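Heads up: the protein sequence lines correspond to chains B and H, in order. Residues 1 to 253, numbered by this note's numbering, are exactly what the first sequence covers, in order. Residues 254 to 502, numbered by this note's numbering, are exactly what the second sequence covers, in order.
Hints are supplied without guarantee of correctness; some may be wrong.
Quick list of in silico lysine to aspartate or glutamate cross-link-like pairs, DMTMM-like style, CA-CA up to 20 Å [to be verified]:
#	chain 1	residue 1	chain 2	residue 2
1	H	Lys416	H	Glu491
2	H	Lys416	H	Glu401
3	H	Lys256	B	Asp96
4	H	Lys409	H	Asp425
5	H	Lys256	B	Glu145
6	H	Lys409	H	Glu396
Cβ pair distances, simulated, as ranges [said to hold, decoys possible]:
#	chain 1	residue 1	chain 2	residue 2	range
7	B	Thr32	H	Ala263	47 to 57 Å
8	B	Leu95	H	Pro397	51 to 61 Å
9	H	Ala263	B	Leu53	24 to 34 Å
Which chain B residues stay away from chain H? Per the calculated CB distances, all over 10 Å, these [stated by the list, open to error]:
#	residue
10	Gly26
11	Gly143
12	Ala159
13	Met172
FYI, nobody ran anything at the bench for these hints, they're computed from the structure. Quantities reported herein were computed from a predicted structural model and do not represent experimental measurements. We put the CB at the ideal spot given by N, CA and C, even for glycine.
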Amino acid sequence: MKLARFRGLLIPVVLVALWEIGARVGTLPPDTMSQPSAIAVAGWNALLDGSLLLETAQTFQTALLGLAIGTVIGIALGILIGLSPVLEAVIGPTLDTIRPVPAVALIPLALLIYGFGVRMEVLVIVFACVWPVLIVTVSAVRGIEPRLIEVARMLEMPALSRMRRIVLPAAMARIAVGIRVGAGVALVVAVTVEIVLNPQGLGYGMIIAAQSLRPELMWAQLLWVGFAGWAFNRLLTTIDRRWLQRYQTGGAR
Amino acid sequence: MLKLAAVAFAAAVIYLWQIAADARLISPVFFPSPTRTFAALVAMEERGDLWRPMAATALRMFYGWVLASLVGVLLGAAIARSGPVRAYLEPLLEFLRPLPASAIIPPAILFLGLTSKMAVTVIAFGALWPVLLGAYHGFRSVEPQLAEMAAAMRMKSVAFIWKVALPSALPDIFAGVRVSLAIALILAVVTEMQAAQTGLGFNILMAQRSFRSPELYAGIIVLGVLGLFTNQALVMTERRLLRWRTLTR
């Protein structure tokens, strides 16, 4: 087990070492492949002066806001469609036609509507996040034990408390899966919108570093984006395990 | 009956859009009516601004996607079937995977410039992961009995992969390949916008810059249609290739 871990580190370590040597000897072009040591220094400095953290906060703030709105829309629409086959037959085809539109195609439109800033980015993220949540919610609601809903009907529960007490808890574990997928999408789309044109956040930081011919800063930012994505994913896994697993086995209690 | 209702609903949405646009509830600067959008689409076609950019976008997307699919299946098979390969590569891949694909655009531009090659590289990188994961799962979950049978018959490992493992991994590979296709379209659009390559993505960005909103809407619709059709084509191919699965059951 221990040995396997070291083997996994072998290739990255060798690559980085070769990179450093190549850059020092001068076989690697310095304007694209700056030395790993220079990258580490640039990253450390950007971390210390707070610019990296500010960009991270901007990106995550936007991504989470978009995710929140997209999740609410996705769950609401998903429950309606999931509970009513008629509704699905009627509005399903229209949704299926809109869905393949790549979210990034909305970037120019969002820019036209809101101009640069948080709102345009959120709009694009919402469009991208709705689908995974919506699709999973529909199938989760479909998968609810029909007897639960019958019982609710028999008890003459009002529609709203039926949602809150039966439908949501029973479907929550699977909806959480959709939200996780949506969260990944949100972060990717946020960085993408920033790289394409929105002047804020991590994506914009990378583009600016590349354009101002500071490749070492760009590489540092790239590593940071990778790290942030990884950490975010870990956080979601933990949340999932801690708070959402209990719905998995118990169903609605 | 329900189909009719579905068509009626779609028609109602477009009709409401027309009414809302005509009544100028929202400024026509960013909310053109369907008729104006359609007129822009026709005008684009007449100017030759429709098929050529569409082909450029589709071709770049296709190259990147094919590249990603090939590499993904090979790598996925290697990692799934060989312990050492897994031990050496997995941590590196685990780091690369959550990296937003668009984040490699700045380094890709530094290396390859604002070229088609850069676009294809970025598309291939982003589209790689779903195929890789799909192939990995597919090749991992080959029925052990089949593997034992093949070993008993002294099947060569290449023949085993080709005749046994690949067919049984195909459904998972297809699932990955379909996700990849959507990602490829997204990245094709993004790289066009970023690198000013001819294509639909670049066109809608230009339409926005000169406030030609009908053209912008037309471009978004065309991109949606492109996504819809490529996905449909893939679903049909999948059904063809996997027909034996339904036949044997």
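Results for each hint:
For the suggested pair Lys416 of chain H and Glu491 of chain H, the alpha carbons sit about 18 Å apart, so the restraint of at most 20 Å is met. Taking the CA atoms of Lys416 of chain H and Glu401 of chain H, the gap is near 14 Å; set against the 20 Å cutoff, the hint holds. Simply put, Lys256 of chain H and Asp96 of chain B have alpha-carbon atoms about 14 Å apart, close enough for the 20 Å limit, and the pair holds. This hinted pair does not check out: Lys409 of chain H and Asp425 of chain H have alpha carbons roughly 23 Å apart, beyond 20 Å.
For the hint pairing Lys256 of chain H with Glu145 of chain B, the CA-to-CA distance comes to about 28 Å; that exceeds 20 Å, so the pair is violated. For a cut-off of 20 Å, the pair hint linking Lys409 of chain H to Glu396 of chain H stands: about 17 Å separates their Cα positions. Restraint check, Thr32 of chain B to Ala263 of chain H: a C-beta distance of roughly 50 Å satisfies the suggested window 47 to 57 Å. In this structure, Leu95 of chain B and Pro397 of chain H break the distance hint of 51 to 61 Å, their C-beta atoms being roughly 41 Å apart.
Against the hinted window of 24 to 34 Å, the Cβ-Cβ separation of Ala263 of chain H and Leu53 of chain B comes to about 47 Å, which falls outside the hint. Under the 10 Å C-beta cut-off, the non-interface status given to Gly26 of chain B relative to chain H holds; the minimum distance is some 17 Å. Against the 10 Å criterion, Gly143 of chain B stays outside the reach of chain H, whose nearest CB is about 20 Å from its own CB. Even its closest Cβ contact with chain H, about 23 Å, leaves Ala159 of chain B beyond 10 Å, as expected for a residue assigned away from the interface.
No beta-carbon of chain H comes within 10 Å of the beta-carbon of Met172 of chain B; the shortest separation is about 25 Å.
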